[in-house]
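Asks: Here the protein sequences come in this chain order: A and B. Going by my numbering, the first residue of the first sequence is number 1, and it counts up by one from there. Going by my numbering, the first residue of the second sequence is number 1001, and it counts up by one from there.
Worth flagging that the hints you see were computed from the coordinates, not collected in a lab. Please read these numbers as outputs of a predicted model, since none were measured by experiment. Keep in mind that a hint or two might mislead.
So, partial list: chain B residues that the calculated Cβ filter (under 8 Å) puts toward chain A [said to hold, decoys possible]: (1) Thr1003; (2) Arg1008; (3) Val1014; (4) Ile1015; (5) Gly1073; (6) Gly1101; (7) Ser1102; (8) Phe1106; (9) Phe1129; (10) Met1136.
If you want the ones that stay clear, here's a sample from chain B, every Cβ over 12 Å from chain A, calculated [to be verified]: (11) Arg1007; (12) Thr1021; (13) Arg1023; (14) Glu1052; (15) Trp1056; (16) Ala1058; (17) Gly1059; (18) Ala1160; (19) Leu1163; (20) Glu1175.
Even glycine gets a Cβ: it sits at the ideal position worked out from N, Cα and C.
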Amino acid sequence: MTLTGEQVEVPADPHALYERSLTEQWGDGAPVLPPTDAAIELLLAGTAEPADHVVGVLPPQYGVATVELVAANAAMAGVEPEAFPLVLAALEALCVPEWNAFGLTTTTSSVFPMLIANGPSRDALGIDFRAGCMGGAGGRGSMTIGRAVSLCLRNIGGQRAGETSRTVFGQPARFGMCFGEWEERSPWPSLAQRRGYPADVDVVTVHGGKGTFPLADIHNDDPRDLLYLLAKSLAYPLANMFLGNAENGEVVLAVNPMWAERFGAAFPDLADLQAFLHEHAWQPLDLWPEPNRNIFRAKGRVGAHDRVYLTGRPDQIVPVVCGGLGSLHAIALPSFGESQMQSSVARRTG
Amino acid sequence: METVLIRRPTAPPVIEAAAPTFRVDTPLTSLRAGIRTDAAWRSWRLIASDWEQRLWDAGVAGVTTVETHAQVGDTGAKDRSHIGELAANVDFAIVGLGTCGSCTSFAIADAVAIEQRERPVIAVVTEEFATHGRNMAKHLGHADLSVLVLPYPLEARPDAELLEISAEYYPRALELLGVDA
Chain A
1 MTLTGEQVEV
11 PADPHALYER
21 SLTEQWGDGA
31 PVLPPTDAAI
41 ELLLAGTAEP
51 ADHVVGVLPP
61 QYGVATVELV
71 AANAAMAGVE
81 PEAFPLVLAA
91 LEALCVPEWN
101 AFGLTTTTSS
111 VFPMLIANGP
121 SRDALGIDFR
131 AGCMGGAGGR
141 GSMTIGRAVS
151 LCLRNIGGQR
161 AGETSRTVFG
171 QPARFGMCFG
181 EWEERSPWPS
191 LAQRRGYPAD
201 VDVVTVHGGK
211 GTFPLADIHN
221 DDPRDLLYLL
231 AKSLAYPLAN
241 MFLGNAENGE
251 VVLAVNPMWA
261 ERFGAAFPDL
271 ADLQAFLHEH
281 AWQPLDLWPE
291 PNRNIFRAKG
301 RVGAHDRVYL
311 TGRPDQIVPV
321 VCGGLGSLHA
331 IALPSFGESQ
341 MQSSVARRTG
Chain B
1001 METVLIRRPT
1011 APPVIEAAAP
1021 TFRVDTPLTS
1031 LRAGIRTDAA
1041 WRSWRLIASD
1051 WEQRLWDAGV
1061 AGVTTVETHA
1071 QVGDTGAKDR
1081 SHIGELAANV
1091 DFAIVGLGTC
1101 GSCTSFAIAD
1111 AVAIEQRERP
1121 VIAVVTEEFA
1131 THGRNMAKHL
1141 GHADLSVLVL
1151 PYPLEARPDA
1161 ELLEISAEYY
1171 PRALELLGVD
1181 A
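Isolated chain A (complex conformation):
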C-alpha cells in the first residue's frame, strides 16, 4: 500500500506532539494521536475503498477528501479500523448537495453535522445509544467517529471559527457528535430502515443540528398530552425553521425508551405519531411581532386559523429512540432549516 500524503517529522513525545499540532492548527484544541503510516494503513485495511478514492470535496475551502487523508484525521482521533467505514459514510452523506455543507460550514449559526448510527455494530464499536448518549457516556465509537468527522471539516475543508466559518457561538457538538439509536427498545422501525436501508447494515445519518435542546416532564400519564407538549416545545418562536421555508430541514426528537414504549402503544405506526406531532407543532401568528408576520404571510406560511406550522410535512419531525431508562426527558436537535438529512451505508472490506 503506497501512501502519498506529505510526510512530516514530529516529536514522538505525546506532549510535544500535542504542542506541535496546536502550532500547526492540525487539531481542535485537544490532544491528537500521531497519524503514522502504520496507523493510517490499519484504517485503510478496514475499508474496501482505495486510498486515493475521493470521498468528497469539503467546503468551505474545497479540500479534496481522499480516503487516505480522511484516514490520517481518523488516526488522529483514535478511530478503530472497524469504525473507519462509518467516518467515510458520514463524510459521503454530508457531501450530498442537499445537506448543504456549503452553507452549513460557513453560517453564523451553531449548526454542525450530528451523526446518528443505526445497524448491528453500534455496541461493538462503542457508539453510545443508552444513558448519556448525547455526551458523557464516553463510548469510543461515539467520541472518535464524531471527532474524526470534525477534524476532517477543519483540516480538509478548512472550517475554522472566526475565519472561514462565521459561526457566532459554535456548540459543544463541534468537537464531534455521534450517537446511536436504541433500536431494540424502539416500537418502530429504525431511522435507517425508515430511510430505506435494511436492518443488517451499518448506516450513518447526518443531521444538521443546531444544538441539544432539553425537554422534560413528570406530570403527564396520557401519551397524547405529553406528545402535545413536546410538539409545542419543538415549535419555539425563534426556531430556525420559522426563519425561512417550511419545506426544508428536519427536527430530530430523541425520545427515551420509556416514553417510546408509551408512545408506541398509542401510535403503533410512526407516521401517525409524526402526524400528531406535526398537527400540534405550530404557534399562533399573533405570537410574533409584525415584521415576522409579514414574512410568514409573504412566504405563504400562515395556515387556517392563523397558525404557523414548524414544518411543511409530518415526516420532517424525526423521532429517534435513545437515552437511559430513567425516563422524564427528551432532547430535540433543532434544524438549521436549509439542510436536508442524508444517510449513507458504512461499506466494509469483503
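Given the coordinates of chain A, assemble chain B onto it according to the supplied hints.
Replies: Below, chain B alone, put in the same frame as chain A:
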C-alpha cells in the same frame, strides 16, 4: 529528541484562481439590469429597490429582479434556476446581500454563476462578511470577483438611514461594474 514520521492531515493549500471578469464599459442607457435580492434581508430589499429606481432614472431598458428564498430543496433549486435565467437575460447584475455566513456564501455563488455567463457582476456584502465573501469567491475560482462592501450592520437601521447608505454607495456600485459616467 526522538521523532516520528506522520502524514500531514491537512489538504494542500488552496490555489488562488481568478476567472475572467467583465465590465459594462458603456453608459447605462438601453442596458438591461439584473438585481438579486434575498427575502431574508429587509435592508437590502430597500436599498435594491432604491438602486432599481436610480437605474430606471438613468435610462436602462429594463430591470429584472430575482428574490431568493432558499438554499436547498425545491425552492432553492428554483432560485438557482432563476439566477441562471437572469444571467441569460441581462447585460449586468448586482447580487446581494451577504450579511450572514451562509447567505454570503450563496450570494457569492450566485454572482459567480452570473460571471460564468460572462456578464459584469458585483456581489454586495456587509463589512463584517467582506473577508468571508472574498474567500468564498477565491474558493469558487473567481478570486477577482468584484465585491462592494456596505457598512455593518444594516439591519435595525431606520429606512432614512438605509436610503442615505443607498445613495452613498450607488455610485461605487456603478464604478465597480465599469459603467461609463
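Asks: Does each hint hold? Answer for all of them.
Replies: Now for the hints, and whether the structure bears them out:
1. Thr1003: 5 Å, holds
2. Arg1008: 4 Å, holds
3. Val1014: 5 Å, holds
4. Ile1015: 10 Å, violated
5. Gly1073: 4 Å, holds
6. Gly1101: Since the shortest Cβ distance to chain A is 3 Å, the answer is holds.
7. Ser1102: 4 Å, holds
8. Phe1106: 7 Å, holds
9. Phe1129: 7 Å, holds
10. Met1136: 7 Å, holds
11. Arg1007: The assertion about Arg1007/B is violated, with a minimum of 4 Å to chain A.
12. Thr1021: 20 Å, holds
13. Arg1023: Holds, because the least Cβ-Cβ distance between Arg1023/B and chain A comes to about 27 Å, which exceeds 12 Å.
14. Glu1052: The claim stands: Glu1052/B keeps its Cβ more than 12 Å from every Cβ of chain A (closest is about 18 Å).
15. Trp1056: It holds; Trp1056/B is separated from chain A by about 24 Å at its closest Cβ, greater than 12 Å.
16. Ala1058: Label holds. Min Cβ-Cβ 29 Å, cutoff 12 Å.
17. Gly1059: 31 Å, holds
18. Ala1160: It holds; Ala1160/B is separated from chain A by about 17 Å at its closest Cβ, greater than 12 Å.
19. Leu1163: At about 18 Å from chain A, Leu1163/B clears the 12 Å cut-off, so the statement holds.
20. Glu1175: The claim stands: Glu1175/B keeps its Cβ more than 12 Å from every Cβ of chain A (closest is about 27 Å).
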